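Build out the structure end to end from the sequences listed, making use of the hints.
There are 4 protein chains.
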Amino acid sequence: MDTGRNATAGVAEAQRRGRPRSEKARVAILEAAAELLLARGLSEVSMDAVAERAGVSKATIYRWWPTKETLALDALYSEWAAAAPSPRATGSLRGDLLSLLRPWARLAGSRPYGRVIAALITEAQTDPAFAQVYQSRFVEPRREQARGIFRRAAERGEIPPDTDIEVAIDMVYGPLYHRLLHGHAPLSERFVRAVVDTALGGLTGHGRNVQEN
Amino acid sequence: MDTGRNATAGVAEAQRRGRPRSEKARVAILEAAAELLLARGLSEVSMDAVAERAGVSKATIYRWWPTKETLALDALYSEWAAAAPSPRATGSLRGDLLSLLRPWARLAGSRPYGRVIAALITEAQTDPAFAQVYQSRFVEPRREQARGIFRRAAERGEIPPDTDIEVAIDMVYGPLYHRLLHGHAPLSERFVRAVVDTALGGLTGHGRNVQEN
Amino acid sequence: MDTGRNATAGVAEAQRRGRPRSEKARVAILEAAAELLLARGLSEVSMDAVAERAGVSKATIYRWWPTKETLALDALYSEWAAAAPSPRATGSLRGDLLSLLRPWARLAGSRPYGRVIAALITEAQTDPAFAQVYQSRFVEPRREQARGIFRRAAERGEIPPDTDIEVAIDMVYGPLYHRLLHGHAPLSERFVRAVVDTALGGLTGHGRNVQEN
Amino acid sequence: MDTGRNATAGVAEAQRRGRPRSEKARVAILEAAAELLLARGLSEVSMDAVAERAGVSKATIYRWWPTKETLALDALYSEWAAAAPSPRATGSLRGDLLSLLRPWARLAGSRPYGRVIAALITEAQTDPAFAQVYQSRFVEPRREQARGIFRRAAERGEIPPDTDIEVAIDMVYGPLYHRLLHGHAPLSERFVRAVVDTALGGLTGHGRNVQEN
DNA sequence: CGGTAATCGAGACGGTACGTCATGTCTTACA
DNA sequence: TGTAAGACATGACGTACCGTCTCGATTACCG
Numbered sequence: 001m002d003t004g005r006n007a008t009a010g011v012a013e014a015q016r017r018g019r020p021r022s023e024k025a026r027v028a029i030l031e032a033a034a035e036l037l038l039a040r041g042l043s044e045v046s047m048d049a050v051a052e053r054a055g056v057s058k059a060t061i062y063r064w065w066p067t068k069e070t071l072a073l074d075a076l077y078s079e080w081a082a083a084a085p086s087p088r089a090t091g092s093l094r095g096d097l098l099s100l101l102r103p104w105a106r107l108a109g110s111r112p113y114g115r116v117i118a119a120l121i122t123e124a125q126t127d128p129a130f131a132q133v134y135q136s137r138f139v140e141p142r143r144e145q146a147r148g149i150f151r152r153a154a155e156r157g158e159i160p161p162d163t164d165i166e167v168a169i170d171m172v173y174g175p176l177y178h179r180l181l182h183g184h185a186p187l188s189e190r191f192v193r194a195v196v197d198t199a200l201g202g203l204t205g206h207g208r209n210v211q212e213n
Numbered sequence: 001m002d003t004g005r006n007a008t009a010g011v012a013e014a015q016r017r018g019r020p021r022s023e024k025a026r027v028a029i030l031e032a033a034a035e036l037l038l039a040r041g042l043s044e045v046s047m048d049a050v051a052e053r054a055g056v057s058k059a060t061i062y063r064w065w066p067t068k069e070t071l072a073l074d075a076l077y078s079e080w081a082a083a084a085p086s087p088r089a090t091g092s093l094r095g096d097l098l099s100l101l102r103p104w105a106r107l108a109g110s111r112p113y114g115r116v117i118a119a120l121i122t123e124a125q126t127d128p129a130f131a132q133v134y135q136s137r138f139v140e141p142r143r144e145q146a147r148g149i150f151r152r153a154a155e156r157g158e159i160p161p162d163t164d165i166e167v168a169i170d171m172v173y174g175p176l177y178h179r180l181l182h183g184h185a186p187l188s189e190r191f192v193r194a195v196v197d198t199a200l201g202g203l204t205g206h207g208r209n210v211q212e213n
Numbered sequence: 001m002d003t004g005r006n007a008t009a010g011v012a013e014a015q016r017r018g019r020p021r022s023e024k025a026r027v028a029i030l031e032a033a034a035e036l037l038l039a040r041g042l043s044e045v046s047m048d049a050v051a052e053r054a055g056v057s058k059a060t061i062y063r064w065w066p067t068k069e070t071l072a073l074d075a076l077y078s079e080w081a082a083a084a085p086s087p088r089a090t091g092s093l094r095g096d097l098l099s100l101l102r103p104w105a106r107l108a109g110s111r112p113y114g115r116v117i118a119a120l121i122t123e124a125q126t127d128p129a130f131a132q133v134y135q136s137r138f139v140e141p142r143r144e145q146a147r148g149i150f151r152r153a154a155e156r157g158e159i160p161p162d163t164d165i166e167v168a169i170d171m172v173y174g175p176l177y178h179r180l181l182h183g184h185a186p187l188s189e190r191f192v193r194a195v196v197d198t199a200l201g202g203l204t205g206h207g208r209n210v211q212e213n
Numbered sequence: 001m002d003t004g005r006n007a008t009a010g011v012a013e014a015q016r017r018g019r020p021r022s023e024k025a026r027v028a029i030l031e032a033a034a035e036l037l038l039a040r041g042l043s044e045v046s047m048d049a050v051a052e053r054a055g056v057s058k059a060t061i062y063r064w065w066p067t068k069e070t071l072a073l074d075a076l077y078s079e080w081a082a083a084a085p086s087p088r089a090t091g092s093l094r095g096d097l098l099s100l101l102r103p104w105a106r107l108a109g110s111r112p113y114g115r116v117i118a119a120l121i122t123e124a125q126t127d128p129a130f131a132q133v134y135q136s137r138f139v140e141p142r143r144e145q146a147r148g149i150f151r152r153a154a155e156r157g158e159i160p161p162d163t164d165i166e167v168a169i170d171m172v173y174g175p176l177y178h179r180l181l182h183g184h185a186p187l188s189e190r191f192v193r194a195v196v197d198t199a200l201g202g203l204t205g206h207g208r209n210v211q212e213n
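Chains as they are written, first to last, in my numbering: chain S, 1 to 213; chain R, 1 to 213; chain A, 1 to 213; chain U, 1 to 213.
Hints are computed from structural coordinates only; laboratory data are not their basis. Computed from a predicted model, the values in this text were never measured in an experiment. For every residue, glycine included, the Cβ atom is placed at its ideal position computed from N, Cα and C. Among the clues, some could well be false.
Claimed, not checked - Some chain A residues judged to face chain U by a derived CB distance under 8 Å, without partners named:
id, residue
1, E158
2, H182
3, T198
4, L203
As the list claims (entries may be wrong) - Under 8 Å between C-beta atoms, here's a sample of chain U residues computed to sit facing chain A:
id, residue
5, Y177
6, P186
7, S188
8, A194
In structure tokens:
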């Protein structure tokens with residue numbers, strides 16, 4: 001799936017005229033981009049380098065991805081989507097959150113994704129069009145999952161019905177992104193548990209969740 | 001204060017030989033950089049542009065700042081340090097946190113600082129030397145303030161003595177940075193209060209803090 | 001008639017199998033090329049542009065013309081051959097030359113052909129195969145006409161029998177091409193007459209031809 | 001002397017501020033360009049290739065020469081100006097013309113200059129600004145020399161005083177350029193003599209110059 | 001009338017050069 | 001020694017064109 005042009009093309013669509021897009025080239029570009037991005041970071045990766053490593057011409061890249069950033073987004077997404085499992089419903093808010101956030105943290109910490117994500121966020125600050133794509137591809141899907149989790153918890157009575165769910169989401173994802181981007185401490189499993197427990201029970205301890213998991 | 005070379009050290013230092021450094025140039029550079037950074041973002045600002053706007057030669061900039069990023073850091077720091085008031089002790093954890101975070105959020109939201117901070121974080125991902133400077137100049141001072149606040153709260157018995165303070169700091173700063181960088185929702189005063197209250201009392205509501213402020 | 005491949009050979013040839021060549025496309029390509037060439041010059045005309053204007057695919061052009069230059073040669077030739085009348089025998093060398101050169105000069109000056117011819121000559125300098133085609137299509141026919149004229153003049157005794165006819169041809173065509181390509185002065189009718197008269201009678205005036213025409 | 005910017009800079013001019021232009025680079029560029037041009041022709045020479053061979057950056061070339069063509073003009077001019085001797089006055093029109101044209105023909109035939117000159121003429125057809133520079137640098141100086149020769153011949157009575165000198169110049173340079181560019185026959189010494197003699201005496205032979213030289 | 005074969009349109013592709021721009025260094029003259 | 005001016009090597013940018021290619025669609029013939 002491309003960030004750039006009309007890459008939708010339903011299955012049943014009649015074959016379009018002209019030479020069809022080279023699937024080989026598409027995959028080679030995304031893989032080359034992903035490897036280079038993780039090895040060197042967005043700003044150190046040139047389109048020329050991607051083209052060379054993918055065995056592809058620069059024009060072919062620009063035909064499908066308008067900017068380096070959109071290519072990076074797609075490249076990262078390919079890796080990320082392939083690796084991330086869909087969380088299952090555990091019956092408790094704590095369990096649901098852990099099953100959502102643990103794979104995310106494990107994935108985020110497994111390779112230098114933070115560097116690439118930081119670069120994408122930086123680009124989103126300046127380019128509104130890119131920001132829109134970044135939001136809808138990377139951010140919203142995960143927030144939507146979290147919204148469902150919190151909504152179901154409210155229905156079960158685990159959290160008050162007037163809870164501001166947007167704030168709640170920021171309370172759990174915020175600290176994770178914080179460590180991912182600032183790198184002042186590891187994105188460990190322990191940290192995920194601590195974040196979830198603190199978000200649920202609070203620091204003062206009166207509502208502290210005692211489950212062990 | 002420069003990120004780069006001889007940071008001039010003490011007042012009483014003997015006058016060095018040769019023409020002294022031009023204070024006018026130093027200020028002009030920092031101001032030009034700050035304005036351009038906030039207007040266009042780090043990646044869109046060139047050293048040539050800073051030099052031209054400051055009425056200064058490029059060589060002069062490079063003599064004192066080794067990279068564009070260090071210059072940006074200093075330029076941002078000048079603005080930020082001038083504006084941020086030092087928080088006062090209120091006697092309660094909630095009060096202390098609000099007096100620490102509210103000015104931060106107000107400042108961060110007042111101009112497009114997020115764009116510059118995101119760029120600095122991005123650079124820190126790749127350049128370890130810069131990361132070190134960024135941490136010690138921007139991150140640690142504020143974490144140290146927060147550590148003091150939590151430590152005093154533990155002494156007062158407001159939070160358990162075994163609280164992991166590093167996690168606690170991430171629980172309040174994380175959500176703020178999250179909104180600053182992702183921009184999916186405003187960094188409002190209301191949000192700061194919600195973050196503090198949730199961090200203290202938790203989402204489940206059993207320990208919910210009922211103070212009104 | 002194409003510069004490139006199977007130049008169709010004889011009329012009576014048996015119809016070849018497969019879809020026959022589209023005459024419509026052939027004409028459209030030549031016309032599009034001629035218009036673009038005269039408007040912009042060879043180097044400013046791209047095959048893509050010709051294809052688009054002719055409503056034809058690039059592959060169709062390349063199937064029949066190996067290079068842009070050969071296409072330009074054919075396009076120019078179509079225009080040129082259609083416009084140039086065949087000179088008639090006047091009975092005198094001066095009359096024959098004028099009847100040969102005047103139409104040439106009028107045509108050459110009528111539209112920016114100089115620009116295209118210069119480009120073809122340039123290409124011929126580098127590509128020997130093209131040079132051969134250019135000579136045989138554009139240069140030799142006209143030189144052959146001129147040879148006949150001078151030969152008959154020698155038979156009539158108008159010029160010495162040992163006259164070097166190749167030099168004689170260069171003496172009349174050279175100055176015309178000179179103005180066409182350098183453009184320092186107009187290719188006027190007056191100039192054609194002056195060239196012929198000077199070539200015949202010389203600058204010193206002793207043999208000056210006094211006919212008026 | 002450059003075609004591009006303000007390369008005049010009189011001798012006595014006060015040293016301009018900033019790093020002075022690198023004479024070494026200037027010469028290396030012109031020499032690299034000249035060698036490549038003569039070896040491959042203008043269209044086959046890329047700026048990248050010139051930069052690489054000269055050991056110079058592309059930006060440096062573009063700083064001083066706006067286009068490839070202006071660079072080629074300067075490169076050719078350097079070679080040409082260094083080689084061409086100034087003709088001397090012989091006392092006769094024939095002698096003067098031979099002393100002007102023989103070195104020109106020898107030089108033009110010595111290396112594949114025709115290919116480069118053809119390309120420059122081609123460019124001049126399309127780019128009026130370049131045409132102006134080409135005329136004033138390459139064409140006019142030589143025409144001015146020729147004008148002097150014919151003017152003095154008229155004063156001596158060798159040619160009629162009402163001779164159209166512009167036509168006369170085209171009569172001798174035209175055939176030479178014709179052979180240089182069309183390449184249908186060699187630019188030999190014999191040819192130069194034949195052109196001069198025919199231009200002076202005419203083909204009809206009544207005014208034929210009988211000097212031998 | 002169905003099969004074979006060359007043509008055509010569309011347009012993606014690898015490759016190469018373009019001319020521009022930014023980085024960081026260097027070389028002058030002047031302060 | 002510091003500074004303004006500005007030339008320099010390096011290298012990436014995004015665009016444009018070239019000539020080739022792979023499709024489906026078309027249009028003749030030939031069996």
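Comparing the hints with the structure gives:
no.	hint	in the structure
1	E158	holds (7 Å)
2	H182	holds (6 Å)
3	T198	holds (5 Å)
4	L203	holds (5 Å)
5	Y177	holds (5 Å)
6	P186	violated (11 Å)
7	S188	violated (11 Å)
8	A194	holds (5 Å)
Hint compliance for this structure: hints 6, 7 are broken, all remaining hints hold.
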